[in-house]
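> So the chains spell out like this:
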Amino acid sequence: MSEDWPLYEVFIRSRSGLEHKHVGSLHAADARMAIEHARDVYTRRQEGVSIWVLRSADIIASDPEEADALFEPARDKVYRHPTFYAIPEEVKNL
Amino acid sequence: MSARQQAAQERDPVQQAAHVRYVLRLADTSLVLGQRLGEWVGHAPALEEDLGLANLALDLIGQARLLLSYAGELEGRGRDEDALAFLRDAPEFANLTLAEQPNGDFGHTIVRQWLIDAWQLEIYQGLLMSADSRLGAIAAKALKETRYHHRFSSGWLIRLGDGTPESHDRVQAALGCLWRFTAELFAADDVDERMQAAAIAPALAELAPRWSARIDEDLAAATLRRPAAQPYPWHGRRGVHTEHLGHMLAEMQHLQRSYPGVQW
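Respectively, the protein sequence lines represent chains A and B. Under the numbering used here, the first residue of the first sequence is numbered 43, with each subsequent residue one higher. Under the numbering used here, the first residue of the second sequence is numbered -12, with each subsequent residue one higher.
Okay, chain A solo, but in the shape it has when bound (with noise of 0.2 Å):
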């Protein structure tokens, strides 16, 4: 029962080229299991060409109270965002 298999993340590459994109989660027993319940649950809809499982309790995260410490400090410098170049017409999608 799902009560008894361990959580697992679900990373799906959408198209041969780009990444691989945090999609949701779901149980399994084990390795083999997820990437099937992974290719069932989440790729019924061409969503996808490659899969990665990881089990949510090895992800190591970042503490939601040590935000401000870790992020507040971005937010006065603008001057990191690339906006102040002029950008030839010639350029397109940049």
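Calculated from the structure, these hints are not laboratory results. All values reported here derive from a predicted model rather than from experimental measurement. One or more of the hints may lead you astray.
[Claimed, not checked] Here are a few chain A residues that sit away from chain B, every Cβ distance over 12 Å (derived from the structure):
1. S56
2. E114
3. A116
4. P130
5. K134
[Said to hold, decoys possible] A short, non-exhaustive set of chain A residues, derived as facing chain B with CB atoms under 7 Å:
6. L68
7. H79
8. D82
9. V83
Glycine included, C-beta positions come from ideal geometry on N, C-alpha and C.
Given the coordinates of chain A, assemble chain B onto it according to the supplied hints.
Leaving out everything else, chain B in the frame of chain A:
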């Protein structure tokens, strides 16, 4: 198939009837098994398995649609896939008797699925070389699906067989219950022999040992015993079914029979 083959077949109504029958047998096995798996939707042990079984069901119903449409064209009596699926009675269905067996518990469903997956793997592989190119193309598509089906069902067979004492005993019991229906899988009759002679169908006698080897390999990994061969009174492919098919069809066909031609 080519125009020349088509023309030759039209000259021989017995051959044409065998061809229709052969395609119907494949179609009905997929259709009936797909319908059975559909009964799990909303009832599987976990959300992930619910979707997994539904995916298998949809693959099988997709195969059935292609095969039924083709059978209807070969038959030439104006019956399309829906007419064949919803307006035939049980004795006209030609599925393997194994496919119509009730779901039982999850392990029972897995054993039934795994036995048929291993069979379809051999059949579809053999049909890739068919003289009937349409059938070969359908088999090529179905084979990819069936490889996943077998991965799914054999994976579960091994998990359950080599799992807890209870899961082991349950799948062993399911195997004992369903094994008798496997005698039908490779029992060739006149339809098979005609199709084989015309190079439309693979030789069942050559496929049987490969199926058997795959079954033994999976059973060994699952720590399950192969049951002894048993007498064989059912011939679903000839329309002689167990009582279960009629009940299943009553549910499957109810809407179309009550409201002929209904669409939504």
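> State for each hint whether it applies.
Each hint tested on the structure:
no.	hint	result
1	S56	19 Å, holds
2	E114	39 Å, holds
3	A116	39 Å, holds
4	P130	49 Å, holds
5	K134	40 Å, holds
6	L68	6 Å, holds
7	H79	4 Å, holds
8	D82	4 Å, holds
9	V83	5 Å, holds
Of the numbered hints stated above, none is contradicted by the structure.
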